[in-house]
Amino acid sequence: MSADNIHFWANWVLVGALILGVLATYSIVVSGNIKDTNLKNELEAKDKAFELYKIEASEKIASANSIGESAKADTARAQQRIVELQVDIASANVRSSELAKETEELRAKNLSFEAAISPRSLEQSLTARALEVFSGVPFVVISPSDFEPKRTSGQIRYMLLQAKWVQYTEPLRQIFMYPDGVTVHVMGIISKPNDPARDAANSLVSILNDNKIEARVGYPPFFLDEHGNPIRPTYPPSTGPPNVIIVEVGPKPLPISLQIKPMDIPADARGNRTWGNIAE
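Residue numbers (this note's numbering): 168 to 447.
Hint data in this document are derived by calculation from the structure and do not stem from the laboratory.
Any given hint could be a false lead.
What the hints assert, rightly or not - 30 Å max Cα-Cα, derived BS3-like pairs, lysine-lysine: (1) Lys207 to Lys221; (2) Lys379 to Lys268; (3) Lys331 to Lys419; (4) Lys202 to Lys215; (5) Lys331 to Lys317; (6) Lys215 to Lys227; (7) Lys213 to Lys202; (8) Lys276 to Lys317; (9) Lys221 to Lys202; (10) Lys227 to Lys239; (11) Lys317 to Lys419; (12) Lys419 to Lys268; (13) Lys331 to Lys227; (14) Lys317 to Lys379; (15) Lys419 to Lys379; (16) Lys268 to Lys331; (17) Lys202 to Lys276; (18) Lys227 to Lys213; (19) Lys239 to Lys221.
Sequences are here, hints too, so could you generate the full structure?
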């Protein structure tokens, strides 16, 4: 091969190498552009995804805030309702205490009323024994015809007979009004003050009160003649007839809460009030 041929082929090899270099350069440029495009697309996709994420996150935050505000409002309403319920409970407790107090007061009044309407009862053995020291004292027990006073007078009469007191049988000419409770009179004590009937009357009143039978000592009436006039003794007091104990049994007294107040009773022109007396 001649030198010209070698030069010829060398030039063509160089030209081919240049062409290959150009093609390689082009392929590198094209490949770079493709990578740039792909990278840009990828970045754009990521940016869009990030924007969507930010939008979704904002919506979730807004929703959470809204739920939080609603929860706060619900909590406030619940707390207000709790306060209202506490007030209602306190009011209910106050009313319950008032009702309990009213119930106790009503129970006490009922018990008092039951005690007021229950018949009086008298222990008759020990009481009679205590009054035997006054045996022989004349007595008479009187009462209206109502059942309870008549029943009580029968108990007192039985006790005094057991104590060996002597029942007075002469008619009484005085007018008795039978006030509530038991009134013990000593007839004739004004004209014969040293008679043992005075002490007997006081002892009887004490024993009756000890037995929850309300009793008191009353005024001392005179003996009366058939015309209702006081009998004036013509003999020395020490030799005259003995005094007589009159046991006047009226209705059982009502408790104070049920009693009529005197000021509620109409008065006459002189301011006198009369009520509750019983005539037989």
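These are the hints, each one checked on the structure:
Simply put, Lys207 and Lys221 have alpha-carbon atoms about 21 Å apart, close enough for the 30 Å limit, and the pair holds. The straight-line distance between the Cα atoms of Lys379 and Lys268 is roughly 28 Å, inside the 30 Å bound, and the hint therefore holds. In summary, the hint linking Lys331 to Lys419 is supported, as the alpha carbons are separated by about 26 Å, within the 30 Å threshold. For the hint linking Lys202 to Lys215, the alpha-carbon distance of about 20 Å falls within 30 Å, and the restraint holds.
Restraint check: the Cα-Cα separation between Lys331 and Lys317 comes to about 21 Å, which is no more than 30 Å; the hinted pair holds. A C-alpha spacing of about 18 Å is found between Lys215 and Lys227, which places the hinted pair at or below 30 Å, so the restraint holds. For a cut-off of 30 Å, the pair hint linking Lys213 to Lys202 stands: about 16 Å separates their Cα positions. A threshold of 30 Å between alpha carbons decides the hint, and for Lys276 with Lys317 the separation of about 26 Å falls inside it, so the pair holds.
Between Lys221 and Lys202, the direct Cα distance comes to roughly 28 Å. Compliance with the 30 Å bound is thereby established for this hinted pair. Under the criterion of a C-alpha separation no larger than 30 Å, the hint pairing Lys227 with Lys239 is consistent with the structure, at around 18 Å. Annotation: proposed proximity of Lys317 to Lys419 holds, straight-line Cα distance about 11 Å (limit 30 Å). Annotation: proposed proximity of Lys419 to Lys268 holds, straight-line Cα distance about 29 Å (limit 30 Å).
With a CA separation close to 110 Å, the supplied pair Lys331 and Lys227 exceeds the 30 Å bound. Annotation: proposed proximity of Lys317 to Lys379 holds, straight-line Cα distance about 17 Å (limit 30 Å). Simply put, Lys419 and Lys379 have alpha-carbon atoms about 11 Å apart, close enough for the 30 Å limit, and the pair holds. Distance check on the hinted pair: Lys268 and Lys331 sit about 51 Å apart at the alpha-carbon level, beyond 30 Å; violated.
Note on Lys202 and Lys276: the hinted pairing is violated, with a Cα-Cα distance of about 107 Å set against a maximum of 30 Å. Between Lys227 and Lys213 the alpha-carbon distance is near 20 Å, which keeps this suggested pair within the 30 Å criterion. With a C-alpha separation of about 26 Å, the suggested pair Lys239 and Lys221 falls inside the 30 Å cut-off, and the hint holds.
In summary, the numbered hints that this structure violates are 13, 16, 17.
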